[in-house]
Amino acid sequence: EAGVAQSPRYKIIEKRQSVAFWCNPISGHATLYWYQQILGQGPKLLIQFQNNGVVDDSQLPKDRFSAERLKGVDSTLKIQPAKLEDSAVYLCASSLQTDNSPLHFGNGTRLTVT
Amino acid sequence: GESVGLHLPTLSVQEGDNSIINCAYSNSASDYFIWYKQESGKGPQFIIDIRSNMDKRQGQRVTVLLNKTVKHLSLQIAATQPGDSAVYFCAENLSGGSYIPTFGRGTSLIVHP
Chain V
1 EAGVAQSPRY
11 KIIEKRQSVA
21 FWCNPISGHA
31 TLYWYQQILG
41 QGPKLLIQFQ
51 NNGVVDDSQL
61 PKDRFSAERL
71 KGVDSTLKIQ
81 PAKLEDSAVY
91 LCASSLQTDN
101 SPLHFGNGTR
111 LTVT
Chain Z
1 GESVGLHLPT
11 LSVQEGDNSI
21 INCAYSNSAS
31 DYFIWYKQES
41 GKGPQFIIDI
51 RSNMDKRQGQ
61 RVTVLLNKTV
71 KHLSLQIAAT
81 QPGDSAVYFC
91 AENLSGGSYI
101 PTFGRGTSLI
111 VHP
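From first to last, the protein sequence lines stand for chains V and Z. Per this note's numbering: the first sequence = residues 1 to 114. Per this note's numbering: the second sequence = residues 1 to 113.
Quick caveat, the hints were computed from the structure, so don't treat them as lab data. Incorrect hints may appear among the rest.
[What the hints assert, rightly or not] Calculated lysine-lysine pairs in the DSS-like style (CA-CA distance at most 25 Å, straight line):
1) Z/Lys-42 / V/Lys-78
2) Z/Lys-37 / V/Lys-44
3) V/Lys-44 / V/Lys-83
4) V/Lys-15 / V/Lys-71
5) V/Lys-44 / Z/Lys-68
6) V/Lys-83 / Z/Lys-42
7) Z/Lys-71 / V/Lys-44
8) V/Lys-62 / V/Lys-83
9) V/Lys-15 / V/Lys-62
10) V/Lys-44 / Z/Lys-42
11) Z/Lys-37 / Z/Lys-56
12) V/Lys-44 / V/Lys-15
13) Z/Lys-42 / V/Lys-11
[What the hints assert, rightly or not] Which stretches of chain V does chain Z cover? Using the computed rule of at least three CB atoms under 8 Å from a CB of chain Z, they are:
14) 42-56
15) 73-79
[Unchecked claim] Pair ranges (Cβ atoms, derived):
16) Z/Arg-105 / V/Leu-84: 39 to 47 Å
17) Z/Lys-42 / V/Leu-96: 36 to 44 Å
18) V/Ala-5 / Z/Thr-69: 20 to 28 Å
19) V/Pro-8 / Z/His-72: 23 to 31 Å
20) V/Gly-40 / Z/Lys-68: 24 to 32 Å
21) Z/Arg-61 / V/Val-54: 17 to 25 Å
22) V/Arg-9 / Z/Ser-74: 43 to 51 Å
23) V/Ala-20 / Z/Asn-27: 30 to 38 Å
24) V/Lys-71 / Z/Thr-69: 40 to 48 Å
25) V/Lys-83 / Z/Arg-57: 20 to 28 Å
No residue lacks a Cβ here, since even glycine has one placed at the ideal position from N, Cα and C.
Isolated chain V (complex conformation) (with noise of 0.2 Å):
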């Protein structure tokens, strides 16, 4: 099966721009998750959805981050306007259900914030 796809690989913006990411998740799989990870630490959990819902965003900055997943399938991550403490990689994962189940991963996007 094909795993799941995030574009861009790399960008690298300046504070207080705008960027968005996108994610297409493995065929089939209803949940979806966005995560943070910053250099040397483990993946933070920044937003779950379970189809087109919403199960989780308690850790997404809400002022300036923002996640969608309109047909229930792919998904894009916005952040508006960019920090500093932004830079990280956002990973993309996707499962068949929410619970029990192992996450799969796609390689992320590495954001660099000048």
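Assemble the complex: chain V is given as a structure, and chain Z must be docked to it using the hints.
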């Protein structure tokens, strides 16, 4: 041996040795645990999982042990190979309404040929 680096705990082993990577989880209500391997420039990759009604599970060259009493998880890799060099994360699924996969800090495994 195991040492604490600037960012990640690091375990250095010789090729062919067995490796043991440890993880302490936070929530006694967690009922599903997963080990992931992350190579440089890639996303985490599923290795093995275990449910809370088990205390041991074996895969190919890997074994996961779960001690719920002390909230401890370990990953044992037999006959470690250079290709096993990566960062290893344990993750717990916090139950109660919605399952939220939560990752630990990670351990960097370095295998010397």
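These are the hints, each one checked on the structure:
Between Z/Lys-42 and V/Lys-78, the direct Cα distance comes to roughly 21 Å. Compliance with the 25 Å bound is thereby established for this hinted pair. For the given pair, Z/Lys-37 sits about 16 Å from V/Lys-44 by alpha-carbon distance, which is consistent with the 25 Å threshold. Between V/Lys-44 and V/Lys-83, the direct Cα distance comes to roughly 17 Å. Compliance with the 25 Å bound is thereby established for this hinted pair. With a C-alpha separation of about 31 Å, the suggested pair V/Lys-15 and V/Lys-71 falls outside the 25 Å cut-off, and the hint is violated.
Between V/Lys-44 and Z/Lys-68, the direct Cα distance comes to roughly 24 Å. Compliance with the 25 Å bound is thereby established for this hinted pair. Restraint check for V/Lys-83 and Z/Lys-42: satisfied, since their Cα atoms lie roughly 24 Å apart, inside the 25 Å limit. For the suggested pair Z/Lys-71 and V/Lys-44, the alpha carbons sit about 20 Å apart, so the restraint of at most 25 Å is met. For the hint pairing V/Lys-62 with V/Lys-83, the CA-to-CA distance comes to about 14 Å; that is within 25 Å, so the pair holds.
Only pairs whose Cα atoms come within 25 Å are accepted, and V/Lys-15 paired with V/Lys-62 is accepted, the gap being roughly 17 Å. As the CA atoms of V/Lys-44 and Z/Lys-42 are separated by approximately 16 Å, the hinted pair is consistent with the 25 Å bound. In summary, the hint linking Z/Lys-37 to Z/Lys-56 is supported, as the alpha carbons are separated by about 19 Å, within the 25 Å threshold. Between V/Lys-44 and V/Lys-15 the alpha-carbon distance is near 22 Å, which keeps this suggested pair within the 25 Å criterion.
Distance check on the hinted pair: Z/Lys-42 and V/Lys-11 sit about 16 Å apart at the alpha-carbon level, within 25 Å; holds. With 7 residues having a Cβ less than 8 Å from any Cβ of chain Z, the region 42-56 of chain V passes the three-residue criterion, so the hint holds. Check on the region 73-79 of chain V: 0 of its residues sit with their Cβ under 8 Å from a Cβ of chain Z, so the three-residue criterion for coverage is violated. Distance hint check for Z/Arg-105 and V/Leu-84: the Cβ-Cβ separation is about 23 Å, which falls outside the suggested range of 39 to 47 Å.
In this structure the hint that Z/Lys-42 and V/Leu-96 lie 36 to 44 Å apart at CB is violated, the actual value being about 21 Å. At roughly 42 Å, the beta carbons of V/Ala-5 and Z/Thr-69 sit outside the given window of 20 to 28 Å. As the Cβ distance of V/Pro-8 to Z/His-72 is approximately 39 Å, the hint placing it in 23 to 31 Å is violated. Checked against the hint of 24 to 32 Å, the pair V/Gly-40 and Z/Lys-68 passes, with Cβ atoms roughly 29 Å apart.
Take Z/Arg-61 and V/Val-54: their Cβ atoms lie about 39 Å apart, and the range 17 to 25 Å is violated. Restraint check, V/Arg-9 to Z/Ser-74: a C-beta distance of roughly 34 Å breaks the suggested window 43 to 51 Å. Between V/Ala-20 and Z/Asn-27 the CB atoms are about 33 Å apart, so this pair conforms to the stated range of 30 to 38 Å. A hinted range of 40 to 48 Å holds for the C-beta pair V/Lys-71 and Z/Thr-69, which are about 46 Å apart.
The hint said 20 to 28 Å for the Cβ distance between V/Lys-83 and Z/Arg-57, and at roughly 42 Å that hint is violated.
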